[in-house]
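So the sequences go chain by chain: Y and W.
Numbers 6 to 315, taken from my numbering, label the letters of the first sequence in order.
Numbers 6 to 315, taken from my numbering, label the letters of the second sequence in order.
These are computed hints drawn from the structure, not numbers from a lab.
These numbers come from a predicted model, not from an experiment.
Glycine is no exception: its CB is placed at the ideal position from the N, C-alpha and C atoms.
Among these hints, one or two may not hold up.
Stated by the list, open to error - Partial pick of chain Y residues on the chain W-facing surface, computed with a CB cut under 10 Å:
no.: 1; residue: ILE126
no.: 2; residue: HIS138
no.: 3; residue: LYS310
Number of protein chains: 2
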Amino acid sequence: MSRILTVAAAQLGPIQRDESRASAVRRMIALMRQAKGHGCDLVVFPEAALTAFFPHWWMEDEAEIDAYFESAMPSNETAPLFAEAQRLEIGFHLGYPELAIEGGRKRRFNTAILVDKSGTIVGKYRKIHLPGHAEHRPDAAYQNLEKRYFETGDLGWPVFEAMGARLGMMICNDRRWPESYRVMGLQGVEMIVLGYNTPKHNPWAPDHDRLGEFHNHLVMQAGAYQNASWVIGAAKAGVEAGVDQLGGSCIIAPSGELVAQAVTEGDELVFARCDLDLGKSYSRSVFNFAMHREPQCYGMIVERKGAVIA
Amino acid sequence: MSRILTVAAAQLGPIQRDESRASAVRRMIALMRQAKGHGCDLVVFPEAALTAFFPHWWMEDEAEIDAYFESAMPSNETAPLFAEAQRLEIGFHLGYPELAIEGGRKRRFNTAILVDKSGTIVGKYRKIHLPGHAEHRPDAAYQNLEKRYFETGDLGWPVFEAMGARLGMMICNDRRWPESYRVMGLQGVEMIVLGYNTPKHNPWAPDHDRLGEFHNHLVMQAGAYQNASWVIGAAKAGVEAGVDQLGGSCIIAPSGELVAQAVTEGDELVFARCDLDLGKSYSRSVFNFAMHREPQCYGMIVERKGAVIA
Numbered sequence: 006m007s008r009i010l011t012v013a014a015a016q017l018g019p020i021q022r023d024e025s026r027a028s029a030v031r032r033m034i035a036l037m038r039q040a041k042g043h044g045c046d047l048v049v050f051p052e053a054a055l056t057a058f059f060p061h062w063w064m065e066d067e068a069e070i071d072a073y074f075e076s077a078m079p080s081n082e083t084a085p086l087f088a089e090a091q092r093l094e095i096g097f098h099l100g101y102p103e104l105a106i107e108g109g110r111k112r113r114f115n116t117a118i119l120v121d122k123s124g125t126i127v128g129k130y131r132k133i134h135l136p137g138h139a140e141h142r143p144d145a146a147y148q149n150l151e152k153r154y155f156e157t158g159d160l161g162w163p164v165f166e167a168m169g170a171r172l173g174m175m176i177c178n179d180r181r182w183p184e185s186y187r188v189m190g191l192q193g194v195e196m197i198v199l200g201y202n203t204p205k206h207n208p209w210a211p212d213h214d215r216l217g218e219f220h221n222h223l224v225m226q227a228g229a230y231q232n233a234s235w236v237i238g239a240a241k242a243g244v245e246a247g248v249d250q251l252g253g254s255c256i257i258a259p260s261g262e263l264v265a266q267a268v269t270e271g272d273e274l275v276f277a278r279c280d281l282d283l284g285k286s287y288s289r290s291v292f293n294f295a296m297h298r299e300p301q302c303y304g305m306i307v308e309r310k311g312a313v314i315a
Numbered sequence: 006m007s008r009i010l011t012v013a014a015a016q017l018g019p020i021q022r023d024e025s026r027a028s029a030v031r032r033m034i035a036l037m038r039q040a041k042g043h044g045c046d047l048v049v050f051p052e053a054a055l056t057a058f059f060p061h062w063w064m065e066d067e068a069e070i071d072a073y074f075e076s077a078m079p080s081n082e083t084a085p086l087f088a089e090a091q092r093l094e095i096g097f098h099l100g101y102p103e104l105a106i107e108g109g110r111k112r113r114f115n116t117a118i119l120v121d122k123s124g125t126i127v128g129k130y131r132k133i134h135l136p137g138h139a140e141h142r143p144d145a146a147y148q149n150l151e152k153r154y155f156e157t158g159d160l161g162w163p164v165f166e167a168m169g170a171r172l173g174m175m176i177c178n179d180r181r182w183p184e185s186y187r188v189m190g191l192q193g194v195e196m197i198v199l200g201y202n203t204p205k206h207n208p209w210a211p212d213h214d215r216l217g218e219f220h221n222h223l224v225m226q227a228g229a230y231q232n233a234s235w236v237i238g239a240a241k242a243g244v245e246a247g248v249d250q251l252g253g254s255c256i257i258a259p260s261g262e263l264v265a266q267a268v269t270e271g272d273e274l275v276f277a278r279c280d281l282d283l284g285k286s287y288s289r290s291v292f293n294f295a296m297h298r299e300p301q302c303y304g305m306i307v308e309r310k311g312a313v314i315a
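Bound conformation, chain Y alone (with noise of 0.2 Å):
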């Protein structure tokens, strides 16, 4: 069996409000199938893909909220998505705000999914690191809410064994968190993939805005490192509703290294030959977690939520 994945990080330029969700899967489609084209495996699509970004403004109607969300995967907006992946034979993986009845209830999380080359889901993350506030705040020149209109995610870091790899998903705000590359690392991930919609400027923090693509490719080169794995990061980019959102899609390899980035702020494919083998002289050695890990010593990590100054 090849240990190389071929891998497409697919950028996706601005979704206006009022694009159609087909509208952008016909252009998800195009990208996958330049991917295809280029003889790729698996194409990353970013986060919340398929509609404008939402989260950037305040709703109040149920129903209005509701209608970014999916409530069933494939749906018959996305099933072009995935006939097509089943016929060129590519993997994908998508983000989408997703509806869920459980228990009775509606939840509402920032969900991606992995799917194979026969057009079926091997495997589903919904966002835990979720950014931003959940109150209203029409002061800043745009809203970060998805701590309103999502709930943490509840299904943990999963890895899935797909493509003859063993994959991992983050989403957007996670990437920044080194826990969450380590739990993924302490599964063998071998290559995590993410989508993300992030804004060039902050609101809350506005001396941090010239460096967002430092801070961008800096949290995936270390995660990449220190995890032995590959990193994939997809964006959306461009100028949506009135939000200038960050690019820089990107591929890291096990060593760090950036190995493909986009260099627009459109619809853009970079893309990269894998070897999955990559990360094991880190694995194996400075980052062999069996011999170097001192868990004992880091029970703060899990016992403590906030800081605290003594």
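Chain W: place on chain Y using the hints.
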């Protein structure tokens, strides 16, 4: 009270096997005086700064091993460093191999201390992530016998209020592990100081050699950013007892940016005015732990040492 702490990383060139502690201390005093001349409040010396880095070779004779350890701090040979710090009113950080008699038995640790401007030891840390191996590997270009010569540190990662700052310590290989930073981040650390002896060549993973400097900075930059803390790294550099050591001593801001770095492989001082409040825009926004961490999902980090493939 000013929130500026002016800090120097005092890189040391090689200390050969026949160089005395007195000589090494003289070199450190010269760097300390330079630091004072540039208005520094604190000077950070490397790991095991008093001798050649002996874990790079095999020893069996207990007395020969013990000769590299300090059983008192200050000792006759290190007292001049403390006296000069007191005279100049400058704090320092010093790494040294520690021989302690505890519970009636001899214990050896890879230790670092923090000394304030009065020459008083105000903090102590014992290295937790010991790299390398315990067994003889005479086939390799050099040995990495920290697991033979040292016990795992038993003091955790305490944070100390000193010189108007909340300071923490780690040592060398600790810096590659995000857990080290996080435990201190969860105590509101404002500056982490560390020393390192890192060979350029890894006999067990030579394909990493070309990336030594990149990895060195990557992990410290990510740790700084993800924990809103300054990170000061002081290296032993140059060819010492046949082992070519990485320099790259550096000062990294809470933004993750490299503020100062050494450019030689000898004794070299780099320094910066460190605004201890610079991290606050991070710890109050994207890395507001109380708002955004999800420790209920991190259990595996403490429950599992090595990776487990399901």
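Going down the list of hints, with the structure as the test:
no.: 1; hint: ILE126; result: violated, 19 Å
no.: 2; hint: HIS138; result: holds, 8 Å
no.: 3; hint: LYS310; result: holds, 5 Å
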